[in-house]
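Engineer: The lines below spell out each chain.
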Amino acid sequence: MTSSQSNRLDTGGLIDRSQPLNFRFDGKTFSGFQGDTLASALVANGVKLVGRSFKYHRPRGILTAGSEEPNALVELRTGARREPNTKATTAELYEGLDAASQNRWPSLAFDVMSVNQLFAPIFVAGFYYKTFMWPAKFWEAIYEPAIRRAAGLGRAAGVADPDHYDKAWAHCDVLIAGSGPSGLAAAVAAGRTGARVILCEEDFALGGRLLSDGGTIDGMPAADWLSRTQAELAAMPDVRIMTRTTLFGVYDGGTYGAVERINDHLPSPPEHQVRQRLWRIVAKRCVVAAGALERPIVFAGNDTPGVMMASAMRTYIARYAAAPARRVALFTNNEDGWRTVGAALGAGLQVAAVIDARAEISAEHRSLASKGGFPVLHGSVSGIDGGKNGVRKISVSLTGGARAEVEADGLAVSGGWNPAVGLTSYHRGRPKWRDDIAAFVPDGAPPGMVAAGAANGAFGLGACLREGFAAGAAAARDAGHGSGSGATPVADDEAFSLAPLWHVAGKGKAFVDQQHDVTASDIELAQREGFESVEHLKRYTTLGMATDQGKTSNVAGLAIMAAVNGKSIPETGTTIYRPPYVPVAIGAFAGHHRDENFHATRLTPSHHWAAEQGAIFVDTGLWKRAQWYPRTGEKDWLESVTREVKAVRGGVGFCDVSTLGKIDVHGADAGAFLDRVYINTFSNLAVGKARYGLMLREDGIVYDDGTTSRLAEDHYFLTTTTAKAGLVMQHLEFCRQVLFPELDVQLTSVSDQWAQFSIAGPRTRDLLKEIVDPSEDLSNEGFPFMGAREVALRGGIRARLFRISFSGEMAFEISVPARYGEAMARNLMIAGKPFGVTPYGTEALGVMRIEKGHVAGPELSGTTTAADLGLGKMMSTKKDFIGRVMAGREALVAADRQVVVGIKPIDKARRLRSGAHIIPKGETPGPDNDQGYVTSVCFSPTSDQWIGLALVERGRERIGEIVHAHDPLRGEDYDVEICNPVFYDPDGGRQRG
Amino acid sequence: MRITCPFCGERELGEFTYLGDAKPVRPAPGASQDEVYDYVYLRDNVAGAMEENWYHGGGCRAWLRVTRNTLTHEISSVEPAAGAGARQVVK
Ligand SMILES: [Zn+2]
Numbered sequence: 006m007t008s009s010q011s012n013r014l015d016t017g018g019l020i021d022r023s024q025p026l027n028f029r030f031d032g033k034t035f036s037g038f039q040g041d042t043l044a045s046a047l048v049a050n051g052v053k054l055v056g057r058s059f060k061y062h063r064p065r066g067i068l069t070a071g072s073e074e075p076n077a078l079v080e081l082r083t084g085a086r087r088e089p090n091t092k093a094t095t096a097e098l099y100e101g102l103d104a105a106s107q108n109r110w111p112s113l114a115f116d117v118m119s120v121n122q123l124f125a126p127i128f129v130a131g132f133y134y135k136t137f138m139w140p141a142k143f144w145e146a147i148y149e150p151a152i153r154r155a156a157g158l159g160r161a162a163g164v165a166d167p168d169h170y171d172k173a174w175a176h177c178d179v180l181i182a183g184s185g186p187s188g189l190a191a192a193v194a195a196g197r198t199g200a201r202v203i204l205c206e207e208d209f210a211l212g213g214r215l216l217s218d219g220g221t222i223d224g225m226p227a228a229d230w231l232s233r234t235q236a237e238l239a240a241m242p243d244v245r246i247m248t249r250t251t252l253f254g255v256y257d258g259g260t261y262g263a264v265e266r267i268n269d270h271l272p273s274p275p276e277h278q279v280r281q282r283l284w285r286i287v288a289k290r291c292v293v294a295a296g297a298l299e300r301p302i303v304f305a306g307n308d309t310p311g312v313m314m315a316s317a318m319r320t321y322i323a324r325y326a327a328a329p330a331r332r333v334a335l336f337t338n339n340e341d342g343w344r345t346v347g348a349a350l351g352a353g354l355q356v357a358a359v360i361d362a363r364a365e366i367s368a369e370h371r372s373l374a375s376k377g378g379f380p381v382l383h384g385s386v387s388g389i390d391g392g393k394n395g396v397r398k399i400s401v402s403l404t405g406g407a408r409a410e411v412e413a414d415g416l417a418v419s420g421g422w423n424p425a426v427g428l429t430s431y432h433r434g435r436p437k438w439r440d441d442i443a444a445f446v447p448d449g450a451p452p453g454m455v456a457a458g459a460a461n462g463a464f465g466l467g468a469c470l471r472e473g474f475a476a477g478a479a480a481a482r483d484a485g486h487g488s489g490s491g492a493t494p495v496a497d498d499e500a501f502s503l504a505p506l507w508h509v510a511g512k513g514k515a516f517v518d519q520q521h522d523v524t525a526s527d528i529e530l531a532q533r534e535g536f537e538s539v540e541h542l543k544r545y546t547t548l549g550m551a552t553d554q555g556k557t558s559n560v561a562g563l564a565i566m567a568a569v570n571g572k573s574i575p576e577t578g579t580t581i582y583r584p585p586y587v588p589v590a591i592g593a594f595a596g597h598h599r600d601e602n603f604h605a606t607r608l609t610p611s612h613h614w615a616a617e618q619g620a621i622f623v624d625t626g627l628w629k630r631a632q633w634y635p636r637t638g639e640k641d642w643l644e645s646v647t648r649e650v651k652a653v654r655g656g657v658g659f660c661d662v663s664t665l666g667k668i669d670v671h672g673a674d675a676g677a678f679l680d681r682v683y684i685n686t687f688s689n690l691a692v693g694k695a696r697y698g699l700m701l702r703e704d705g706i707v708y709d710d711g712t713t714s715r716l717a718e719d720h721y722f723l724t725t726t727t728a729k730a731g732l733v734m735q736h737l738e739f740c741r742q743v744l745f746p747e748l749d750v751q752l753t754s755v756s757d758q759w760a761q762f763s764i765a766g767p768r769t770r771d772l773l774k775e776i777v778d779p780s781e782d783l784s785n786e787g788f789p790f791m792g793a794r795e796v797a798l799r800g801g802i803r804a805r806l807f808r809i810s811f812s813g814e815m816a817f818e819i820s821v822p823a824r825y826g827e828a829m830a831r832n833l834m835i836a837g838k839p840f841g842v843t844p845y846g847t848e849a850l851g852v853m854r855i856e857k858g859h860v861a862g863p864e865l866s867g868t869t870t871a872a873d874l875g876l877g878k879m880m881s882t883k884k885d886f887i888g889r890v891m892a893g894r895e896a897l898v899a900a901d902r903q904v905v906v907g908i909k910p911i912d913k914a915r916r917l918r919s920g921a922h923i924i925p926k927g928e929t930p931g932p933d934n935d936q937g938y939v940t941s942v943c944f945s946p947t948s949d950q951w952i953g954l955a956l957v958e959r960g961r962e963r964i965g966e967i968v969h970a971h972d973p974l975r976g977e978d979y980d981v982e983i984c985n986p987v988f989y990d991p992d993g994g995r996q997r998g
Numbered sequence: 022m023r024i025t026c027p028f029c030g031e032r033e034l035g036e037f038t039y040l041g042d043a044k045p046v047r048p049a050p051g052a053s054q055d056e057v058y059d060y061v062y063l064r065d066n067v068a069g070a071m072e073e074n075w076y077h078g079g080g081c082r083a084w085l086r087v088t089r090n091t092l093t094h095e096i097s098s099v100e101p102a103a104g105a106g107a108r109q110v111v112k
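Same order as they appear, the protein sequences are chains A and B. The first sequence begins at 6 in our numbering and counts up one residue at a time. The second sequence begins at 22 in our numbering and counts up one residue at a time.
If you're looking for bench data, these hints aren't it; they were derived computationally from the structure. The beta carbon of each residue, even a glycine, is placed where N, CA and C say it ideally should be. Treat the hints with caution; some may be incorrect.
Claimed, not checked - Think about it this way: if two alpha-carbon atoms lie no more than 30 Å apart in a straight line, the pair counts; the simulated DSS-like pairs of lysine-lysine are: (1) A:K172 x A:K629; (2) A:K393 x A:K33; (3) A:K883 x A:K694; (4) A:K838 x A:K878; (5) A:K172 x B:K44; (6) A:K883 x B:K44.
Claimed, not checked - Here are some chain A residues the structure puts well away from chain B; computed CB gaps all over 10 Å: (7) G596; (8) V623; (9) E738; (10) S754.
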């Protein structure tokens, strides 16, 4: 197997050589080992070219070994699971992995679009703004599609995600981000106090830089200390280690966001398992031990495949036993970069030269160079000779002005380290500059959060352990736990020496942000054009706005900006840091809330019975309601609905109206309370009676309506519309608790406790007699219109019976405990058989309410007053109520307001549609003569034509006038007559009968 | 954000609904239109500690008077509304 892995080292690494894995990249088959990432496996196979760049389609290789990677982005998997912009550096290798490079056409090696490089001047900073200014219509037709094809990253799958995602909560005392030496020391210190600890590690293995750099801790090799520490943590019952989990954000009140990639390391999630889980973690304290990111030095050709961060090169060599190059050069401005020389020599690789920007190097390194037989060149890399096949030759500007060339096939670069200040800065904390390490360190972290170790600018191994341990102990103590036992782990601190160097002037493109193809000269251009603030610089050049959020580019970018502005780096400052730290799939945020589970579904008590009847259901809010009940032979919904209406008007029908909001109002002041929330009076309602009520908002606009019954002296039963059920409850609780706490009243939501049915039609009483206990008097005298009381049903169940009518027919509404709802529907069908009982749905309900001119949702639109609805006379003048004063405002009582009227088409065969505008007859429609609109329409079986309700300016004065209905959306124009909104039984004799 | 409900304990933001400034007091019956207008529409745009009405609809349905710093979201106090809680009738 190894034979095909040309750059795999013979020994070493944390890979499992007994588990070879085959994978495909751009259609070619390769092999790697368990423990590889896709990037390390590509390195092991000598693959240097992994992608083309965003704007110029330049060949790019692997720059880093972590989630900061700007270049090695691939489309991972195929078909519905294809995911673009996946970092090869964090994608774990699995058997059969299939990845494709992005942004190249027709192939990675030969990319037609790389001619963009020849047109580079048009792709400079701000090119979108400058080049594609106008004509505006060219944007959609030409510019945008062309830009999207040429520039842009991977392709989305284009079909629904087949995987499942989960969301979960976790709570702990101490949350730790990162499992390097600082994070592990913090976990041990906190865990030993008995605190509840959660440690999140992005990688699949714990250890952070220890996995690549080793070292000696407590007198033992780092690997041994790592095993011992993992064992200690595993034995602590309240310590939870979460690998493959990135802490991506911090929110108010100590809430953190994390994404756990549970099954991304497998070809697809095992059956019934989720792919990823989004965690919301509530922590009393948080220790950010997220480490630091090595930063590049910007020089011409720094994006050539084979140029790699020095620490990444060590990682590939030491952790993955994969050699990124055979003959390595190092360009460093600091001591730490030299560790790569040691790693390369240790692995038997050649070191071509070290280019060190510092004036002096240590005696130890001088002797290493002489033993290794390579020169140390004091100076900087000024250019790269190479291309898609990698680095060939490196040009060096020596201190003093001379030039040199180095032949090598790989260049490790170290410009120093930037603490990972993301998490600590997400609450607008501005990191502060530390001159001694030439880096920003956290400042202004959110409450309860501290940074430790490299994330805090402490780069030595010993310092990381000390800071981590101290921070973990302090966090546990602050979270209420006593001190723990055990000593701080001990290690030496490496020497620190760094000469800041950000940018080497030279010929050719020098990239700052490799993912967005932003060069040093783009920054200089932006500055010349006046974009001097870092926030402007960022947006004008798009520096740091790619999927890597500029992890390797931001600091270098603002250092270059500072230099051209002649300011210091701290004066220039950083941009605002925002979560997420790594891209998080939208699917993870959605979790299981997709498709039919997007929101909860509420079923009416008679739902299953209605489904048996073949009902068609409609979504109203969370509810599924029976819309109509089609019968065999009916050709469309209109035929079914018309039959249902006729059956009710001619006999008897019933409808589940349990979706209405239902509230029990108890207390000595229940009546007084209702007087304040309704425009009409309820305190004088007799026990055993119901009354229609209308509620306003405090601004005088109608809020909701419904029927409220008085069941006892101190007990009312209030109903709301379906749509406002929850909101009215909230509003009434506000009135009770905040506005009128002096009233003795309690509210209980009983919406789910009662199944309620409307039974309507001239034969209602015949049907009810079969249901209600014979001892109950249902006669017009014994149970008159608007009567309401508890009754016994045959069989002993207690029910609430209300003689109210929405349909205009003789009707009752009956409430039974919800668990009897389905049985009630079945019994109504059985008992009603002799009378031809017909179940009806919300459509027929709507038809009958329009025929009766009753207002509903379309008229209670949040813009109408009681008077607009024709209910102005209900407003009591003898009491205060919510909305009373504001309802009297000039504009709300103006004579020319749009009010509810009926309309019918002049052409009796015409179908009406809601939304049509009302225009005076003979005038050309326009905003100036728009006098209202059609709110509700239906085909009225009773009138044998379409009818509607409309809000029309001065409508009540215009009964009989012919106006024009203008429907530009549907391209319809026709005349309608304004009429009384009550089309059916205007004197109400039928409902009182 | 997390709010410690006096009845339910510390709960997550999603359980609560925000209404806004708790300072304005509903004018007594008979107040002028101008007074009611101010009550309905005029709000201070506070940068700092602000008393607000929050509803624990996902829990006990109590209305709460929450003092929140609008700059930091730090919550310094949570009090039940005068009429919140069962049997707590203010006479
Ligand atoms: Zn509560």
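Engineer: Looking back at the numbered hints, which does the structure fail to meet, lowest number first?
Structural biologist: Structure breaks hints 4, 5, 9 and 10.
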